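Colleague: Protein chains in written order, with the numbering used here: chain A, 1 to 497; chain B, 1 to 493.
Hints are computed from structural coordinates only; laboratory data are not their basis.
There could be a bad hint or two in this list.
What the hints assert, rightly or not - Away from chain A, derived, C-beta distances all over 12 Å, residues of chain B: (1) Thr-46; (2) Lys-236; (3) Ile-318.
What the hints assert, rightly or not - Cβ-to-Cβ under 8 Å is the rule here; a few derived chain B residues that face chain A: (4) Ile-87; (5) Asp-237; (6) Thr-325; (7) Ala-328; (8) Tyr-337.
What you are looking at is a predicted structure, and each value in this text was computed from that prediction instead of being measured.
The C-beta atom is built at its ideal place from N, Cα and C for all residues, glycine as well.
Here's the letter readout for the chains.
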Amino acid sequence: MPDKTGAGGALAFTPVIGIEIHIQLKTKSKVFCSCSADYTNDEPNSHICPVCMGLPGSMPVLNKTVVQQGMLAGMALNCTVQPTTYFFRKSYYYPDLPKGYQITQSDLPIAANGWLDIKDDAGNPKRIRINRLHLEEDVGKLHHSAADGRLEGAESSWVDYNRSGLPLAEIVSEPDVSSAYEAVEYVTMLRRRVRYVGASDVDLEKGMMRFDANVSVKCSDGRWGRRVEVKNMNSFRALERAIEYEIKRQSKILADGGEVLQETRHWNDVKGTTTASRVKEFYRKFIVEPDLPPLVVLPQWVEEVRATLPEMPNEKALRYVREMGLSEIDAAVLTDSIDVARYFEACVAAGANPLRAGNWVRTEVLRAVNDRQIGVKDLAVKPDALAELIRRIDDGRLSTTGAKNVFEVMLEGSSLSLDEAVRKSGAVEGGVGADALENLVRATFAANPDVIEEIRSGKDTKGKKIKFLQGLVMRETKGQARPDEVVAAIETLLKSE
Amino acid sequence: MQLYELGVREIAEGIREKKFSALEVFDECLHRTLACEGKMSALITTTADAGRAHARRVDEQIAKGGALGLLAGVPVILKDNICTHGIRTTAGSRILGRWAPPYSATVWELLSSAGAVLLGKSNMDEFAMGNTCGTSAFGPTANPWDVSRVPGGSSGGSAASVAAGYVPFALGSDTGGSIRQPASYCGIYGLKPTYGLVSRYGLIAYGSSLDQIGPFARSVEDMDLLMHVLARHDPKDSTSVDKSEIDFTRREKSRQPEKPLKGKRVALVKEFRDFTLDPPIADAMKRLIRIFEETGADIVEVSLPTVARYAVACYYAIAASEAHTNLARFDGVRYGYTVTTASDLKDMFEEVRSKGFGAEVKSRIIAGTCLTEPVRSEEYYVAATRVRTLIAEEFRKAFENVDCILQPVTPSLPAKIGEADEDAMKGYESDLYTLPVNMAGLPGFSFCTGYSQSGLPVGLQLVGPRWSDKNLLDMGFELEKILGTPKIAQRGN
Numbered sequence: 001m002p003d004k005t006g007a008g009g010a011l012a013f014t015p016v017i018g019i020e021i022h023i024q025l026k027t028k029s030k031v032f033c034s035c036s037a038d039y040t041n042d043e044p045n046s047h048i049c050p051v052c053m054g055l056p057g058s059m060p061v062l063n064k065t066v067v068q069q070g071m072l073a074g075m076a077l078n079c080t081v082q083p084t085t086y087f088f089r090k091s092y093y094y095p096d097l098p099k100g101y102q103i104t105q106s107d108l109p110i111a112a113n114g115w116l117d118i119k120d121d122a123g124n125p126k127r128i129r130i131n132r133l134h135l136e137e138d139v140g141k142l143h144h145s146a147a148d149g150r151l152e153g154a155e156s157s158w159v160d161y162n163r164s165g166l167p168l169a170e171i172v173s174e175p176d177v178s179s180a181y182e183a184v185e186y187v188t189m190l191r192r193r194v195r196y197v198g199a200s201d202v203d204l205e206k207g208m209m210r211f212d213a214n215v216s217v218k219c220s221d222g223r224w225g226r227r228v229e230v231k232n233m234n235s236f237r238a239l240e241r242a243i244e245y246e247i248k249r250q251s252k253i254l255a256d257g258g259e260v261l262q263e264t265r266h267w268n269d270v271k272g273t274t275t276a277s278r279v280k281e282f283y284r285k286f287i288v289e290p291d292l293p294p295l296v297v298l299p300q301w302v303e304e305v306r307a308t309l310p311e312m313p314n315e316k317a318l319r320y321v322r323e324m325g326l327s328e329i330d331a332a333v334l335t336d337s338i339d340v341a342r343y344f345e346a347c348v349a350a351g352a353n354p355l356r357a358g359n360w361v362r363t364e365v366l367r368a369v370n371d372r373q374i375g376v377k378d379l380a381v382k383p384d385a386l387a388e389l390i391r392r393i394d395d396g397r398l399s400t401t402g403a404k405n406v407f408e409v410m411l412e413g414s415s416l417s418l419d420e421a422v423r424k425s426g427a428v429e430g431g432v433g434a435d436a437l438e439n440l441v442r443a444t445f446a447a448n449p450d451v452i453e454e455i456r457s458g459k460d461t462k463g464k465k466i467k468f469l470q471g472l473v474m475r476e477t478k479g480q481a482r483p484d485e486v487v488a489a490i491e492t493l494l495k496s497e
Numbered sequence: 001m002q003l004y005e006l007g008v009r010e011i012a013e014g015i016r017e018k019k020f021s022a023l024e025v026f027d028e029c030l031h032r033t034l035a036c037e038g039k040m041s042a043l044i045t046t047t048a049d050a051g052r053a054h055a056r057r058v059d060e061q062i063a064k065g066g067a068l069g070l071l072a073g074v075p076v077i078l079k080d081n082i083c084t085h086g087i088r089t090t091a092g093s094r095i096l097g098r099w100a101p102p103y104s105a106t107v108w109e110l111l112s113s114a115g116a117v118l119l120g121k122s123n124m125d126e127f128a129m130g131n132t133c134g135t136s137a138f139g140p141t142a143n144p145w146d147v148s149r150v151p152g153g154s155s156g157g158s159a160a161s162v163a164a165g166y167v168p169f170a171l172g173s174d175t176g177g178s179i180r181q182p183a184s185y186c187g188i189y190g191l192k193p194t195y196g197l198v199s200r201y202g203l204i205a206y207g208s209s210l211d212q213i214g215p216f217a218r219s220v221e222d223m224d225l226l227m228h229v230l231a232r233h234d235p236k237d238s239t240s241v242d243k244s245e246i247d248f249t250r251r252e253k254s255r256q257p258e259k260p261l262k263g264k265r266v267a268l269v270k271e272f273r274d275f276t277l278d279p280p281i282a283d284a285m286k287r288l289i290r291i292f293e294e295t296g297a298d299i300v301e302v303s304l305p306t307v308a309r310y311a312v313a314c315y316y317a318i319a320a321s322e323a324h325t326n327l328a329r330f331d332g333v334r335y336g337y338t339v340t341t342a343s344d345l346k347d348m349f350e351e352v353r354s355k356g357f358g359a360e361v362k363s364r365i366i367a368g369t370c371l372t373e374p375v376r377s378e379e380y381y382v383a384a385t386r387v388r389t390l391i392a393e394e395f396r397k398a399f400e401n402v403d404c405i406l407q408p409v410t411p412s413l414p415a416k417i418g419e420a421d422e423d424a425m426k427g428y429e430s431d432l433y434t435l436p437v438n439m440a441g442l443p444g445f446s447f448c449t450g451y452s453q454s455g456l457p458v459g460l461q462l463v464g465p466r467w468s469d470k471n472l473l474d475m476g477f478e479l480e481k482i483l484g485t486p487k488i489a490q491r492g493n
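With the hints as extra help, turn the sequences into a complete structure.
Modeller: Dropping the structure here:
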């Protein structure tokens with residue numbers, strides 16, 4: 001988005017942004033050894049071996065699942081799987097890098113030439129091209145003894161190699177992104193699709209998705225700023241703020257007649273600024289990894305993996321709108337996660353009305369899942385039970401409120417049958433019995449003689465008073481009566497008296 | 001005959017048949033070792049206690065009548081770049097400090113599960129960079145045929161200890177001749193197997209695409225037995241190849257015992273004619289050609305122009321490029337030599353590496369760093385890898401019509417200790433006959449042809465196509481009958 005600054009009149013600045021994303025691929029073990037990939041909450045350096053510690057003499061063995069997950073992620077991003085690819089040693093020195101080099105596919109990757117179609121700031125469709133997705137290994141984690149956990153001022157630093165050797169996919173976009181908004185759109189869609197195919201859990205809080213951005217700006221007078229690499233963003237919000245900050249910073253430099261230097265800058269989330277990296281960037285040197293033969297992916301394997309691809313979220317959402325008549329917004333919510341979409345589809349397959357099922361999943365089911373911090377798969381109410389509940393609303397056996405009470409009861413005990421849940425919830429099937437309803441209506445009439453009088457005198461032309469009475473009765477039944485039955489009972493009594 | 005003079009097979013059989021115990025063998029080998037070490041310094045670490053305990057366990061097993069491995073009770077020495085669980089492994093460098101690996105190399109797992117007993121870890125050029133043992137941080141090793149001379153390198157300690165009778169066999173590693181050249185200098189057999197035939201897992205790497213572990217022994221029969229144990233596919237080494245169809249224990253019977261090599265096509269390299277050889281080596285070549293002709297082999301010529309012209313330069317570019325990455329891990333953070341006086345991280349790395357590495361290693365790290373820098377990589381490292389493909393192709397074509405190539409191992413006999421290190425480039429050139437073999441991943445078999453007038457052993461080598469290791473040993477077996485079995489050197493004691 002062009003940004004106008006006051007300096008020198010009306011100069012306009014066009015940002016040019018490329019995004020590099022690291023995602024942790026979902027596997028049981030690390031990429032080159034059999035150490036467990038899940039070390040959450042475990043002691044530092046409890047998931048290490050000679051290979052991921054880079055001990056002298058150790059050698060990497062490629063985990064096949066990593067290749068498969070890389071292919072899946074690539075396919076989710078419309079990339080082409082490359083038949084023969086290589087691994088390289090990327091050399092630099094840092095304590096978290098145990099071998100002094102990182103094994104990475106770099107620019108001869110497992111997948112290349114993909115794209116994602118997003119919406120730009122104005123809501124128009126825009127294609128972001130993806131240069132490549134390549135496989136590589138993660139490094140260890142540094143812990144500094146300083147109070148704020150940063151290197152500056154720390155008396156000592158500790159290294160935890162549990163993360164060393166976790167499988168990563170680095171996804172490099174072409175510089176097609178033009179704003180912080182587009183960047184967030186792009187990474188949101190990318191995250192959703194990668195999670196859809198099961199290639200990664202992309203849990204941002206666990207650091208499974210990390211962002212770097214290459215930002216430069218072009219001035220309307222023809223001047224270009226150099227490309228600045230901004231590192232260290234671990235959330236969508238940080239990515240958005242860092243890009244916004246960097247566009248402003250670079251635009252101002254150009255507006256003031258200065259030059260933007262090519263450099264690496266680090267995002268400081270607390271201060272909301274980027275600062276030039278103090279460490280001079282090393283030459284990143286590459287040689288072929290002699291300990292790993294070229295990775296040859298046979299077409300048959302590619303097809304086997306492709307056959308496991310699910311319908312992707314955009315296509316799913318379009319189908320919900322087209323075939324089931326859902327609104328675009330509902331369809332988008334239902335397809336955000338594949339587990340939710342699968343739950344919804346199972347519900348419909350079990351005979352539930354799609355619109356009502358969509359509504360229930362979008363509201364009650366998602367709320368229950370969020371309240372409990374669980375996955376929709378782990379919900380006590382299974383899709384077929386929800387479908388049956390919805391059917392009972394449709395055929396008038398349960399009121400909506402009654403059904404919600406039943407749903408709440410079922411959430412607590414998965415072993416309950418629907419009928420048991422209905423009994424336990426106190427909901428009355430078929431709403432409130434006709435006799436009971438009549439009695440309630442009579443009582444309500446008796447308590448509100450002035451209202452009855454107004455209706456009978458013909459003043460209630462808009463039916464507001466009848467609605468008022470209906471509301472009172474509904475409240476008495478705790479919502480379990482069916483609203484249309486209540487109105488019918490009121491009208492019958494009005495006529496009869 | 002003393003126990004230390006016996007070969008692998010004789011010791012294994014003798015122990016199995018209870019002619020002597022494993023402990024007796026070990027103690028006699030240890031005694032021989034200690035008698036020689038003062039003059040020779042072939043070992044960095046002697047594992048007397050652990051070895052005796054291991055030998056006792058073998059004897060207990062024999063007493064119980066349990067199943068025995070092929071090498072039960074046979075003492076062995078490993079080059080000190082082969083990781084041994086719990087036993088200091090230095091790679092001849094100061095930078096590893098007192099590092100004792102928490103795991104063992106696959107080759108040591110294979111040998112020890114076959115019953116072999118470790119006697120020590122042998123001296124070597126630092127990180128296998130050198131051909132004299134002179135770059136070792138632990139000082140030089142002497143040649144047991146003349147203790148004023150080098151044993152060769154980088155596996156000089158292993159070769160010298162087998163030649164002097166410390167043990168009947170040892171393992172070395174060969175990146176550009178480091179098994180074949182010391183075997184030749186010390187007058188024993190040394191095989192650099194086809195790349196991928198023996199697992200490299202646990203070998204402290206120098207040039208990973210060139211390194212290969214192989215055995216030293218004093219008879220071809222023993223070499224067969226050792227290759228039978230060592231040539232196993234290893235899932236922990238992704239470059240290891242399953243060649244279980246090769247049976248190293250079965251010797252092909254020659255159809256005509258009087259002309260055992262009849263029909264074999266033995267090639268000489270045309271381009272090598274232009275290079276001068278020391279007279280004893282030139283004489284050995286002539287003698288071998290005559291022997292081959294007399295035993296019915298055809299002597300032919302092959303042309304390897306790319307090999308002769310470019311192999312040395314390309315080898316050093318590739319070896320140094322890989323080495324500088326392999327040695328990047330030694331930063332003092334996790335293991336080995338470290339310093340506590342550094343003011344920051346960069347200081348720490350600089351100090352550890354400046355003090356930890358010797359001069360030869362540093363020069364190759366610097367070379368590798370320069371050759372792979374983004375601005376130069378295409379011109380040097382990448383170009384060298386392309387030429388390497390041509391070299392492999394040139395060999396492949398040559399081997400379409402011949403069984404093996406007969407060539408020297410080195411152009412000269414072992415130099416005096418100290419002299420060899422003076423002219424580094426001369427050292428590099430002397431590798432011409434050995435390192436193209438690594439560039440193409442071929443097997444190279446170094447054998448002793450006899451002794452010079454000054455009493456130094458004179459070796460030559462046979463080079464074959466990939467996976468022809470067994471064929472080379474078969475030819476070596478026939479040659480051994482004619483040339484005689486290598487003797488144990490007696491000047492180190």
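Colleague: Less than 8 Å between beta-carbons is the criterion; does Asp-237 of chain B satisfy it with respect to chain A?
Modeller: holds (5 Å)
Colleague: Holds or violated: is the Cβ of Lys-236 of chain B farther than 12 Å from all Cβ atoms of chain A?
Modeller: With a cut-off of 12 Å, Lys-236 of chain B comes too close to chain A, as the shortest Cβ separation is near 6 Å.
Colleague: A closest beta-carbon separation below 8 Å is what the hint needs, so does Ile-87 of chain B meet it against chain A?
Modeller: This interface hint is violated because 13 Å lies over the 8 Å limit.
Colleague: If I take the minimum Cβ distance from Ile-318 of chain B to any residue of chain A, is it greater than 12 Å?
Modeller: violated (9 Å)
Colleague: Holds or violated: the hint that Ala-328 of chain B contacts chain A, with Cβ atoms closer than 8 Å.
Modeller: holds (2 Å)
Colleague: Holds or violated: Thr-325 of chain B as interface residue toward chain A, Cβ cutoff 8 Å?
Modeller: Status holds, d = 5 Å.
Colleague: Given Tyr-337 of chain B as an interface hint, is its Cβ closer than 8 Å to any Cβ of chain A?
Modeller: Not OK, violated: Tyr-337 of chain B not within 8 Å of chain A, min 13 Å.
Colleague: Looking at Thr-46 of chain B again, its CB stays over 12 Å from all of chain A?
Modeller: holds (21 Å)
Violated hints for the displayed structure, listed by number in ascending order: 2, 3, 4, 8.
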